[in-house]
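Undergrad: Here is what each chain is made of, one letter per residue.
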Amino acid sequence: MSRILTLRDALREAMVEEMRLDPTVFLMGEEVAAYNGAYKVSKGMLDEFGPERVIDTPIAELGFAGIGVGAAMNGLKPIVEFMTWNFAVLAFDQIVNNAAKTMSQSAGQFGCQIVFRGPSGAAGQLAQQHSQTFEAWMGTVPGLKVISCTDPADAKGLLKSAIRDPNPVCMMESEVFYGEKGEVPEGEYLVPIGKAIVRKEGSDVTLVSFNKQVKTCMLAAAELEKEGISAEVIDLRTIRPLDIETVIQSVKKTNRIVVVDESWPMFGVSAEVAYEIQKYAFDYLDAPVTRINAADSSLGYSHIYVDEYMPNPSRIIKGVKEVMYIKR
Amino acid sequence: MQTTADKKKIKAKYSEETYATWYETMLRIRRFEEKTLLMYSQQKIRGFCHVYIGQEAIAAGLKTALRPEDCMVTAYRVHGLALMKGLTSRECMAELYGKDTGCVRGKGGSMHFFSKEHKFFGGNGIVGAQIPIGAGIAFAEKYNKTDNICVTLFGDGAARQGALHETFNMAMNWKLPVLFICENNQYAMGTSVARTSNVTDMVKIGLSYDMPSEQVDGMRPEVVHEAVSRAAEHIRSGKGPYYLEIKTYRYRGHSVSDPGLYRTKEELEYYKTLDPIGMLEHSFKETGLLPDERVLEIQESIKDEIEDAVQFAEESPWPSPEELYIDNYVERDYPFMKD
Chain A
1 MSRILTLRDA
11 LREAMVEEMR
21 LDPTVFLMGE
31 EVAAYNGAYK
41 VSKGMLDEFG
51 PERVIDTPIA
61 ELGFAGIGVG
71 AAMNGLKPIV
81 EFMTWNFAVL
91 AFDQIVNNAA
101 KTMSQSAGQF
111 GCQIVFRGPS
121 GAAGQLAQQH
131 SQTFEAWMGT
141 VPGLKVISCT
151 DPADAKGLLK
161 SAIRDPNPVC
171 MMESEVFYGE
181 KGEVPEGEYL
191 VPIGKAIVRK
201 EGSDVTLVSF
211 NKQVKTCMLA
221 AAELEKEGIS
231 AEVIDLRTIR
241 PLDIETVIQS
251 VKKTNRIVVV
261 DESWPMFGVS
271 AEVAYEIQKY
281 AFDYLDAPVT
291 RINAADSSLG
301 YSHIYVDEYM
311 PNPSRIIKGV
321 KEVMYIKR
Chain B
1 MQTTADKKKI
11 KAKYSEETYA
21 TWYETMLRIR
31 RFEEKTLLMY
41 SQQKIRGFCH
51 VYIGQEAIAA
61 GLKTALRPED
71 CMVTAYRVHG
81 LALMKGLTSR
91 ECMAELYGKD
101 TGCVRGKGGS
111 MHFFSKEHKF
121 FGGNGIVGAQ
131 IPIGAGIAFA
141 EKYNKTDNIC
151 VTLFGDGAAR
161 QGALHETFNM
171 AMNWKLPVLF
181 ICENNQYAMG
191 TSVARTSNVT
201 DMVKIGLSYD
211 MPSEQVDGMR
221 PEVVHEAVSR
231 AAEHIRSGKG
241 PYYLEIKTYR
251 YRGHSVSDPG
261 LYRTKEELEY
271 YKTLDPIGML
281 EHSFKETGLL
291 PDERVLEIQE
301 SIKDEIEDAV
311 QFAEESPWPS
321 PEELYIDNYV
331 ERDYPFMKD
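Here the protein sequences line up with chains A and B, keeping their order.
FYI, my numbering numbers position 297 of the first sequence as 297, with every residue one higher than the one before it.
FYI, my numbering numbers position 135 of the second sequence as 135, with every residue one higher than the one before it.
Source of the hints: derived by calculation from the structure; they are not laboratory data.
Keep in mind that this is a model prediction, so the values were computed, not measured.
Don't take every hint at face value.
[Said to hold, decoys possible] Examples of chain A residues lying across from chain B (beta carbon under 8 Å, computed):
1) 44
2) 47
3) 66
4) 103
5) 105
6) 108
7) 140
8) 142
9) 300
10) 303
[Claimed, not checked] Quick list of in silico lysine-lysine cross-link-like pairs, DSSO-like style, CA-CA up to 30 Å:
11) 253(A) x 226(A)
12) 252(A) x 279(A)
13) 175(B) x 43(A)
14) 145(B) x 43(A)
15) 338(B) x 195(A)
16) 145(B) x 279(A)
All C-beta atoms, glycine included, are put in the ideal place defined by N, C-alpha and C.
Using the sequences provided together with the hints, build the complete structure.
TA: And the structure:
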């Protein structure tokens, strides 16, 4: 049995279920309690769990992320919500220098079971400082795990896995997709961290993406279908560890790949996927790996700039035709 | 003429055992650090290395004022506090050597000593980063309804970090059981307190958050002991954080590579007259609070302990190269990128 839930409701279910199971799990962040969440992800949680476990913080990302890390080192399991990952930049010292390194520095004596979560990526006309993606920034750091997923059912299962994971996990969501609906199973289930999923099977070309750009790929794939081109769509779901095996298997079948990544082009997830594919599927490729990224620019406010900046179905279709050597 | 025993009767505010503990704690740290510098000069120890010489009375006062269940986190000048908290000279020296028998198996080196057993949370190399972590450790103690406190130490340099101000604010707002201690040794690396702020009276930083704050002489263990005891009692009673600015002085450079050219010889000589170990030894002679034979006994046993620690470190095995990957993640089969 399943129901239709929004992403925000699915994420809340994950937190609520885990907090009911484990009294050491708690939620902290700006506006998570009395305001019911800046994006209403934590709606009702203060009422159920009280102010000791659903905690409003001042606007002090570095400070409350550090308090979360200390609490985790001392045995609690914090969920730290950032209103957006753009603000988490202020807390990178605690995420990168402490959460990720505590276990190595202490030779395994002190773990850091903590989840840092919030939306990543552009969300309309929010301009330069509120539109960035952070999967690659966090994904490069040994010690962290990074999830980026907007499918409600999978996001719920992944967040539950993240809360139970004994390592620090960064969960990237999407402001514009909190209201996105999907079928979510009833009852208890987990989705494993580190496993990609084939969202749509196809035979001519592989589209690889994550977070909300998976939907852009699905739209492109539907258009391509009309032209007789069968695209396989893979949702990476986890950025670190990266399930490249699922991508390799797909490329072995389709022989062509376009990576769609809302990050800036340089040194990002698309660059890593392209490296892995040329290394492990070189003999199966009928065309060079192509990627569709956000523009190599800060994002301006005007909708003209947004359109120019973001991946979209027509850019993806163009990329597909490039790897298929179709000239039109 | 008064006998030694008579003097003791008059002067002794604390037991002979307490004086012995202070002396032993300070002497262990002093001798360990002197040996560390020697071994560094012989390139047995590498990397950044910050010694605690001059600041030992703070560790000694903490030793007798705290309970073993209390937590502690500090910065990269960590050797002295780690030894005070119960880590052995052997495991600490082996760590400096980078050996497998080190307290963190050669993974942390001089800046990152940890011990879960002794609730010692490091050894943090990012100036001021341990301040919110200390509040978080205290948060967990409160969450679990214990009456343990977390002592969070930092230097005068770290007091200018934003992390301190964010943390002081939240710790007070949430009444966290945390004792903040600024070990004010008067220099942030080579920059004196007066050159970085108009507020040179660092105790005032706590007052901006309505935090009970005291300035303390850090060259005398009994003064530190009394201040920490007062603070700990306040915190354990559920009233929230307490802040001590403990004034101290480091006789050596910021790190082994620092010749200390930013301060005068006269200043250094003046502070050496306040040497906490020298002053305590002098008072033992004057008052007989600790008999000569006990003093000698402690000196001998510390000397042996440090020699033994060096021998242990020398003879210990190196970690295996594969150990590099261990402890990045809890699971042993994490798929690292190895090509």
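Undergrad: The structure should be examined with respect to each hint, and the outcome stated for every one.
TA: Cross-check of the supplied hints:
With a cut of 8 Å, the hint placing residue 44(A) at the interface with chain B is violated, because the nearest CB-to-CB distance is about 22 Å. Hint on residue 47(A) is violated. Least Cβ distance to chain B is approximately 20 Å, over the 8 Å limit. This hint holds: residue 66(A) has a C-beta 3 Å from the nearest C-beta of chain B, less than the 8 Å allowed. Of the supplied interface hints, the one on residue 103(A) holds, with its beta-carbon coming within about 5 Å of a beta-carbon of chain B, less than 8 Å.
Interface hint status for residue 105(A): upheld, as the beta-carbon distance to the closest one in chain B is roughly 4 Å, under 8 Å. At its closest, the beta carbon of residue 108(A) sits 4 Å from a beta carbon of chain B; the interface hint therefore holds under the 8 Å criterion. Restraint check, residue 140(A) versus chain B: the minimum CB separation of about 10 Å is more than 8 Å; hint violated. The closest approach between the C-beta of residue 142(A) and any C-beta of chain B is roughly 5 Å, which is under the 8 Å cut-off, so the hint is satisfied.
Given the 8 Å rule on beta carbons, the hint for residue 300(A) is violated: about 30 Å separates it from the nearest Cβ of chain B. Among the interface hints, the one on residue 303(A) is violated; its C-beta lies about 36 Å from the nearest C-beta in chain B, farther than the 8 Å criterion. Taken as a hint, the residue 253(A) and residue 226(A) pair is honoured in the structure, with Cα atoms around 21 Å apart against an allowance of 30 Å. Taking the CA atoms of residue 252(A) and residue 279(A), the gap is about 13 Å. The hint holds against a cut of 30 Å.
Between residue 175(B) and residue 43(A) the alpha-carbon distance is near 26 Å, which keeps this suggested pair within the 30 Å criterion. Simply put, residue 145(B) and residue 43(A) have alpha-carbon atoms about 27 Å apart, close enough for the 30 Å limit, and the pair holds. Between residue 338(B) and residue 195(A), the direct Cα distance comes to roughly 19 Å. Compliance with the 30 Å bound is thereby established for this hinted pair. At most 30 Å may separate the alpha-carbon atoms for a hinted pair to count; residue 145(B) and residue 279(A) exceed this at roughly 54 Å.
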